[in-house]
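Number of protein chains: 2
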Amino acid sequence: MPSNKALQMKNVEAELQKLEAKFEEYKSMGLNLNMTRGKPCSEQLDLSAELNTCLAADDYLAEDGTDCRNYGGLDGIPEARRLFAELLEVPAENIMAAGNSSLNLMYDNVLRALLFALPGSDKSWSAQGQVKFICPSPGYDRHFFVTQSLGIEMIPVAMTAEGPDMDEVEKMVAADPMIKGMWSVPVYSNPDGIIYSEAVCRRLASMKTAAADFRIFLDNAYNVHYLFPEHENKIPEMISLCAEYGNENRIFEFASTSKITFAGGGMACIAASTDNLNWIRKHMSAQTIGPDKLNQLRHVRFLKNAEGVNQLMAKHADILRPKFVLVLDLLEKNLADCPECHWTRPEGGYFISVFVSKGTASEVVRLANECGVALTPAGNTYPYGKDPDNSNIRLAPSFPPLDELKLAIEVFCDCVMLATLRKLKQ
Amino acid sequence: MPSNKALQMKNVEAELQKLEAKFEEYKSMGLNLNMTRGKPCSEQLDLSAELNTCLAADDYLAEDGTDCRNYGGLDGIPEARRLFAELLEVPAENIMAAGNSSLNLMYDNVLRALLFALPGSDKSWSAQGQVKFICPSPGYDRHFFVTQSLGIEMIPVAMTAEGPDMDEVEKMVAADPMIKGMWSVPVYSNPDGIIYSEAVCRRLASMKTAAADFRIFLDNAYNVHYLFPEHENKIPEMISLCAEYGNENRIFEFASTSKITFAGGGMACIAASTDNLNWIRKHMSAQTIGPDKLNQLRHVRFLKNAEGVNQLMAKHADILRPKFVLVLDLLEKNLADCPECHWTRPEGGYFISVFVSKGTASEVVRLANECGVALTPAGNTYPYGKDPDNSNIRLAPSFPPLDELKLAIEVFCDCVMLATLRKLKQ
Numbered sequence: 006m007p008s009n010k011a012l013q014m015k016n017v018e019a020e021l022q023k024l025e026a027k028f029e030e031y032k033s034m035g036l037n038l039n040m041t042r043g044k045p046c047s048e049q050l051d052l053s054a055e056l057n058t059c060l061a062a063d064d065y066l067a068e069d070g071t072d073c074r075n076y077g078g079l080d081g082i083p084e085a086r087r088l089f090a091e092l093l094e095v096p097a098e099n100i101m102a103a104g105n106s107s108l109n110l111m112y113d114n115v116l117r118a119l120l121f122a123l124p125g126s127d128k129s130w131s132a133q134g135q136v137k138f139i140c141p142s143p144g145y146d147r148h149f150f151v152t153q154s155l156g157i158e159m160i161p162v163a164m165t166a167e168g169p170d171m172d173e174v175e176k177m178v179a180a181d182p183m184i185k186g187m188w189s190v191p192v193y194s195n196p197d198g199i200i201y202s203e204a205v206c207r208r209l210a211s212m213k214t215a216a217a218d219f220r221i222f223l224d225n226a227y228n229v230h231y232l233f234p235e236h237e238n239k240i241p242e243m244i245s246l247c248a249e250y251g252n253e254n255r256i257f258e259f260a261s262t263s264k265i266t267f268a269g270g271g272m273a274c275i276a277a278s279t280d281n282l283n284w285i286r287k288h289m290s291a292q293t294i295g296p297d298k299l300n301q302l303r304h305v306r307f308l309k310n311a312e313g314v315n316q317l318m319a320k321h322a323d324i325l326r327p328k329f330v331l332v333l334d335l336l337e338k339n340l341a342d343c344p345e346c347h348w349t350r351p352e353g354g355y356f357i358s359v360f361v362s363k364g365t366a367s368e369v370v371r372l373a374n375e376c377g378v379a380l381t382p383a384g385n386t387y388p389y390g391k392d393p394d395n396s397n398i399r400l401a402p403s404f405p406p407l408d409e410l411k412l413a414i415e416v417f418c419d420c421v422m423l424a425t426l427r428k429l430k431q
Numbered sequence: 006m007p008s009n010k011a012l013q014m015k016n017v018e019a020e021l022q023k024l025e026a027k028f029e030e031y032k033s034m035g036l037n038l039n040m041t042r043g044k045p046c047s048e049q050l051d052l053s054a055e056l057n058t059c060l061a062a063d064d065y066l067a068e069d070g071t072d073c074r075n076y077g078g079l080d081g082i083p084e085a086r087r088l089f090a091e092l093l094e095v096p097a098e099n100i101m102a103a104g105n106s107s108l109n110l111m112y113d114n115v116l117r118a119l120l121f122a123l124p125g126s127d128k129s130w131s132a133q134g135q136v137k138f139i140c141p142s143p144g145y146d147r148h149f150f151v152t153q154s155l156g157i158e159m160i161p162v163a164m165t166a167e168g169p170d171m172d173e174v175e176k177m178v179a180a181d182p183m184i185k186g187m188w189s190v191p192v193y194s195n196p197d198g199i200i201y202s203e204a205v206c207r208r209l210a211s212m213k214t215a216a217a218d219f220r221i222f223l224d225n226a227y228n229v230h231y232l233f234p235e236h237e238n239k240i241p242e243m244i245s246l247c248a249e250y251g252n253e254n255r256i257f258e259f260a261s262t263s264k265i266t267f268a269g270g271g272m273a274c275i276a277a278s279t280d281n282l283n284w285i286r287k288h289m290s291a292q293t294i295g296p297d298k299l300n301q302l303r304h305v306r307f308l309k310n311a312e313g314v315n316q317l318m319a320k321h322a323d324i325l326r327p328k329f330v331l332v333l334d335l336l337e338k339n340l341a342d343c344p345e346c347h348w349t350r351p352e353g354g355y356f357i358s359v360f361v362s363k364g365t366a367s368e369v370v371r372l373a374n375e376c377g378v379a380l381t382p383a384g385n386t387y388p389y390g391k392d393p394d395n396s397n398i399r400l401a402p403s404f405p406p407l408d409e410l411k412l413a414i415e416v417f418c419d420c421v422m423l424a425t426l427r428k429l430k431q
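Line by line, the protein sequences are chains A and B.
Heads up: the first sequence at position 239 corresponds to 244 in this note's numbering, and the numbers run straight through without jumps.
Heads up: the second sequence at position 269 corresponds to 274 in this note's numbering, and the numbers run straight through without jumps.
This is chain A alone, in the form it adopts within the complex:
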């Protein structure tokens, strides 16, 4: 315990008394602040107000003559596929543009692979035994919920500053043919905001897997979601990188405009090799006649192209940056001396990942809740909701206005200190 950062034990008691008093004060304030989810705020949503009105009554033809109002077109309209192609640097023919939820695409695709043999195998995943997924952790709780709800065994792998611990990943996928998949958020990872290094990307693309039907579920949710103008968030294009190493079918890539335009009314896409897409089409054609093409057309009219997206993202960044800066400043000011406590300083994405004193994360969340500040439940960023260190807390600064955010983070910091000092005193 004795470290430069550690508080002197003699001061603990005095500090604790002050904090307990403050805690009682917070509780009496009747706060109702929500820091749980990575939702865009109204001001961000207003940036796309034109999306509601940009389609004239007679504007419904896609560039290939498709009447977007009618049935059909499993792949989505050409201009929507091209827009995603520009954003993901993948050929448009390797993109299917879809409905409003990339999570839905991911869930359906994991399920599809459980039921139907993937290219490279003559058996579905389920037919081969207990399926396992590698889950870089901390990670996205909804990813873990997908695999958990479908009965897939989740194997956590630690995140490093460059991405998942590739020594671990390589060892496991080489040894176990029932490791069929891996979750991955390669740019501004949820919750750590980490950008995979080129070395990590190359190792993911080239690694030998015992399973012929192994797939990386690459959720490129934050591909264009930088916070600073001078951002450098490029990772290599993963589908072609895998192909370079002879693993052309390794990637299912997902993205959406949920945090570009409207979180609940955007459009999503899946990008993959031709073989993978044909496999999807074959099974998806029994599931639906096609996505909402009008909403795709609406998006293309409004966003136009990658440059249009980029200009919009700069406006998002202008709204989000002060919130992230505020949270990081408050953490620095209030928790710099807190034992064991550290956090990420992301340059994009939607989260700040805080690691508090081991064993206290769930207590911090409980204390904050008592004060009327809702935080993402401790453990949520780990498979099965189990953070082995009970240390990680995901902060989502995007939604609350600055004044509420300031108050919520002050409460949070005091709860972190309170839990830490109570632990120290034990």
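Quick caveat, the hints were computed from the structure, so don't treat them as lab data.
All values reported here derive from a predicted model rather than from experimental measurement.
A virtual CB, placed ideally from N, CA and C, is assigned to each residue, including glycine.
Certain hints may be false.
[To be verified] Derived contacts from chain A toward chain B, CB cut-off under 7 Å, selection only:
id : residue
1  : 19
2  : 60
3  : 106
4  : 154
5  : 292
6  : 293
7  : 297
Given chain A's structure and the hints, the job is docking chain B onto it.
Only chain B this time, still in chain A's reference frame:
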């Protein structure tokens, strides 16, 4: 063969020669007419042109204060649920409003029941053995494609003028606990346009099933899709009717606005008991954060309520009625004397179901295709695409303009006669 309707054999040869000549003429005309699918025509889609423009830039709040642009709301917005509630005569709390495809809801729900134990059972369908579905036939090809693609054994049951042959249905569901489901289009059935009688509805609601987790997949796609102003298409509300007999969880009901507003950009819903909906919510919450609420709001703004829908449907009927009348007139004129040939005279829905001389349906479709008239493949209206009589052909009059429709049906009728006479001559 000798019947009042039958042609005199001595005339067959002369008639056949005339038809063969006409057939060659058709082939030389370079026609390209499509009668395959029940798609609304442009004129119908134009009826909802306002849907593109009815949301102002600042119109995004649902009546409960939900910002429809943001994440959340698995059930859909209250006003969208209420609109479907009015149309289906089911309480709004028993409705979930969803995305653009009711087929997608059906597929996902069949799959969900295969994987997760339904209320009334402690095992999923799959865990109990080979799952079977009763498939009233002729029926909707995309229903059959769903169950086929998910490995469910399909058992055809004949359709009568009042609905499925209930003697058969009752016998089978009472005897076989692996019969887990049944497809059903109770109003203006696809393709026959049959409306289930109250007696059939009551037998479906009250019948004893060997399976505790048996479900009727009630696709109420054509609930409000009448062709004549004096229509009488009411069936009893099935969820409460089942509850009357103690089978409150028997029904999963589906509907959409696909043939009310935009076929590819409408909104769908699922209606069911509270237990059934809670089961859906539990599993669906891993699959998606929620549907496109803005498109739901758009629909409520445009359609307003059941009366608004009814007024719109009257306009659809005005467009569709002349097409149906034309087809029925042409069939009567050209095929009244054709041996074995008969057809349905629907008062709503999207199809006319023609039964041609046994063994000739696929030949008729082949001949029409040779003339440039695409018809729904023969057999498509039966499970596994196998019409035991090779007799049923589904005509979809909605999409082509009247002049094209006239030509296509004339070609069709001549192909029916040609195939019949060729058969008679053998």
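Status of each hint after checking the structure:
The interface hint given for residue 19 of chain A is broken, as the beta carbon of that residue sits about 44 Å from the closest beta carbon of chain B, more than 7 Å. Taking 7 Å as the C-beta contact cut-off toward chain B, the hint placing residue 60 of chain A at the interface holds, the least distance being around 4 Å. Against a cut-off of 7 Å between C-beta atoms, the interface hint on residue 106 of chain A holds, since the closest Cβ of chain B lies about 5 Å away. For residue 154 of chain A, the interface hint holds, the least distance from its beta-carbon to any beta-carbon of chain B being 4 Å, beneath 7 Å.
At its closest, the beta carbon of residue 292 of chain A sits 4 Å from a beta carbon of chain B; the interface hint therefore holds under the 7 Å criterion. Proximity of residue 293 of chain A to chain B holds as hinted, the smallest CB-CB distance being about 4 Å (cut-off 7 Å). Proximity of residue 297 of chain A to chain B holds as hinted, the smallest CB-CB distance being about 4 Å (cut-off 7 Å).
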